[in-house]
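Based on the hints, put chain B in the right spot on chain A.
These protein sequences, in sequence, are chains A and B. No gaps in the numbering here: position 27 of the first sequence is 27 in our numbering, and each next residue is one more. Quick note, our numbering runs 1000 ahead of the 1-based positions in the second sequence.
Keep in mind that the hints were calculated from the coordinates and are not lab data. A quick note: this is a predicted structure, and the numbers were derived from the prediction, not measured. The beta-carbon is built from N, C-alpha and C at its ideal position, and this holds for glycine as well. Keep in mind that the hints are not guaranteed to be accurate.
What the hints assert, rightly or not - Listed next, the stretches of chain B that the computed footprint assigns to chain A, with coverage defined by at least 3 CB atoms under 8 Å from CB atoms of chain A:
1) 1083-1095
2) 1169-1182
3) 1187-1200
4) 1303-1313
5) 1476-1482
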Amino acid sequence: MSRFLLRRLAWFGVTFWAVVTVSFFMMRAVPGGPFGSDRALPAAIERAVRARYHLDWPLWRQYLDYLGPLDLSEHGAFGTRERVLGGVLAGDLGPSLKYRDFTVNDVIAQSLPVSMALGAAALAWALAVGITCGLLAALRPGGRTDAALRLAASAGIALPNFALAGLLVLVFVYWLPIFPVAGWGSWRQLALPALALGAPFAAYAARLTRTGMLEVLSQDWIRAARAKGMPPRTIVFRHALRGALLPVVSWLGPAAAGVLTGSLVIEQIFHVPGTGSHFVNSALNRDYTLAMGVTIVYMVLVYGFNTLVDVTYALLDPRVRLGARS
Amino acid sequence: MGGRRRAALPLARDSGKLSPAAPTIKPQRIGSKRLASPLHAASLSPMRGMAGGRGALACAGLATALGGLLALARPGEAPRADFAFNLGTEVTTLDPGAVTGVPEGRVLRALFEGLVRRDPRTLQPRPAAAEAWETDESGTVYTFRLRSGARWSNGDPLRAEDFEWSFRRLLEPETAAPYAYLLWPVIGAREFNTGLGANGEPAERDWARVGIRALDGPTLRIELRQPSPHFLDVLAFYAMMPVHRPSLEAARAGSSRRAQVDWLRPGRLVSNGPFVLAGRRINDRIRMTRNPLYWDADGVAFRTLDALVVSSPSTALDLYLAGEIDWLDATLPPELVPRLAQREDFHAAPYLATYFYRVNVTRPPLDDPRVRKALALAIDREAICSKLLQAGQRPASSMVPWGGIGDYVAPRMDAGGAERARELLAEAGWRGPGARELPPIEIHYNTADVHRDIAEVVAAGWKRELGIEVRLRNQEWKVYLDTQSGLAYDVSRSSWIADYADPATFLEIFETGGENNRTGWSDARFDALLAAARAEAEPARRNARLAEAEALLLEALPAIPIYWYVTQNLVNPRLGGFHANALNDPLPSSWYWMDDPELERRRAAQPPGRTRVAAPGPREGLHAPAHAGLDR
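For reference, chain A alone in the conformation it holds in the complex (with noise of 0.2 Å):
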């Protein structure tokens, strides 16, 4: 185990970087600047502000700098001495370009745990339900209840969040005004983006474990288990249900990363002040650093949450040996 997690370590470097370059040159690929407006600005005052922000200097060398561990400004390493470490290696994702008043780590630090909670909050009821429906549409595959479970699980995930959000303040707001419209701070807050962002986990959850669950009740075991008169409940849930599951965790790897990364949408409706948007409108916005930022924070959770749920899969099946290499 440890082995493996160190190797993964060390791999973690590699895709570090390679994230953060091909991002950051994609990044100043792109046409438009950072301060381009349709008030275009007198030249000389054009200047102050690229150099106010280093981007008068060549790439490579904003590269170097953005990268770190070295401040390489007039303040930095080689200039006063002020900073001598910057960059990200040193933890600094820089100043945001569009909120001025900001760095990059503040604008995460304040937008990462409002979407963390209504993503945990969407996921847990996501999986609770998911996981339950699913699990009742396999008992009785081609049964009544699986064909309205599939119905909804295919509506769950063919439908628009904007529509279902659309349709759930239409609903709890104006129809029946249980939930305030819009806004972050209570529970009742919570409550509407939590289920408009998790309803299509909950849907996509039910038919991973309802396909999973089909697939591992049919395998010679169970029947062996049958055969010994093993309780039903303790065939499903004992030993079928850890294998039904296994797809479920390897697709909630990436799936909790994004969806606790938050989303435009749904925080564009609710007015939500998370992360979600910032991912969108900070390319739109050009603003390099806070782009970057999101991008190199949902890395590290992609990579975190897949390392965790290969834990979490040897901890499920017991045929599967972390590290060991055939």
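Just chain B now, kept in the frame of chain A:
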């Protein structure tokens, strides 16, 4: 990263897809009756059987993790502010030196106060941080006297040096202030700001040569190069607000990136306006509280003020209808405006802003002014205004909006109609027997439904009246800006909004070589007329020069005016003190909540035919401490 699943599932080594192949696994047919019915018994109590140490452990771990994440959100609703309005987009910064944009201006006007401010009704300059000023007979030397006893929100005295230092900071190139050029009319300011003289020659940067000087405690003198009738409007602009020197010097001394923006944080920001910064969450809100040290604190009704950042127009409208937002403007959903326009709380008024198409005059056939004029004549502006936009916008007959500003009367564009357009095309050799066929023209716009709809109306007109093939091309905002400044378009959608009520701002865009020209058009006579207007102190003669310049512009048409904007405000009927003005620059710090009797009086006085709507808010009203029971 694809290796993850391979390592985990030795049975499925080759499945490297991101999705765990679940949909492709064919559910094997189980003899459902035979196998499922005994198992079905278990489903009566599905959760009870959840057993197995590791499974339970994993579940508990997951639940803890999710619970922990939820706790991160620190739920707890902030109490509603006395007054809440919507900014629509997050502000770029609260630093007056670095700021541009309408939302930023709204917040800055609540937090800071410049030497003068605009009257929200008349837009005339009014005393603010300065209680009085005078100009000498040449009109170039302004002497301001600050209020005695004026203080910053931390108790420091507010002195003339603070303004001198703030203007100096604005002009220092390191500040990189986008609006520094507004101060260029001041003697020596341009040289100090750019290190270049008026003709681009290198100039020495020396503050002693700049005409801004604090004379003694409350007196500030500003000397201009030439008289400028709009200099007080410039000083009322939000970029001209003072900043607190000790805070900024502490920030500059800080070496970390965070320390440099620390002075802008809630609780740290020292300001001199009616409110102080109390809280801020990106994309959520800016919370402000009344500044007890403001000179007119007794004239401010609201104890707390929320500037919300609701970016979705329909959500913002929902929040307004629910009484969570009290004033909405630019962010109304365009498709609902025709319906909203019937409500008593909807206010539309002429706005100093023009919607127009830039024409790339370097591209044939658009290099021919007759072709440009033909295009301008064949646009159905009436349809755009009354069928599409429907909020009271008017077809534009000049670049300067609403036919003029103040005493300035704009010349009118040729209005000969489609017949005249066809004649012009024939003169230019594009119509009639043996004429060449006009190449297709492309309308370029930034991606938005309303711009597409307008472009479709324009394109239909050109096709119908002139037989021109028109293509539409939309681009994402920043790419669109690049395309426009690189002159890589035929005709490009544009707009211009006045920073202050001066016709010159709509004409100076098109000066030769200006950053905002972006049409390739250049006319020495036009440039000379604008220069003459700038040198002219006498308003009537200045306006005459400007009108001559605009007449030239409307003849050459490097830009085709399409419509004049209106401000669109939804204001809670219970709010008092709102006045629509042509810069859409109301002053919420002077607003208050009416009580029921006043609301009834106000409603009785309003013109009939508007739909009554709910007026949430405090029924007993909320007035400034100095309120004498009179309608201010």
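Hint numbers not upheld by this structure, sorted from lowest to highest: none
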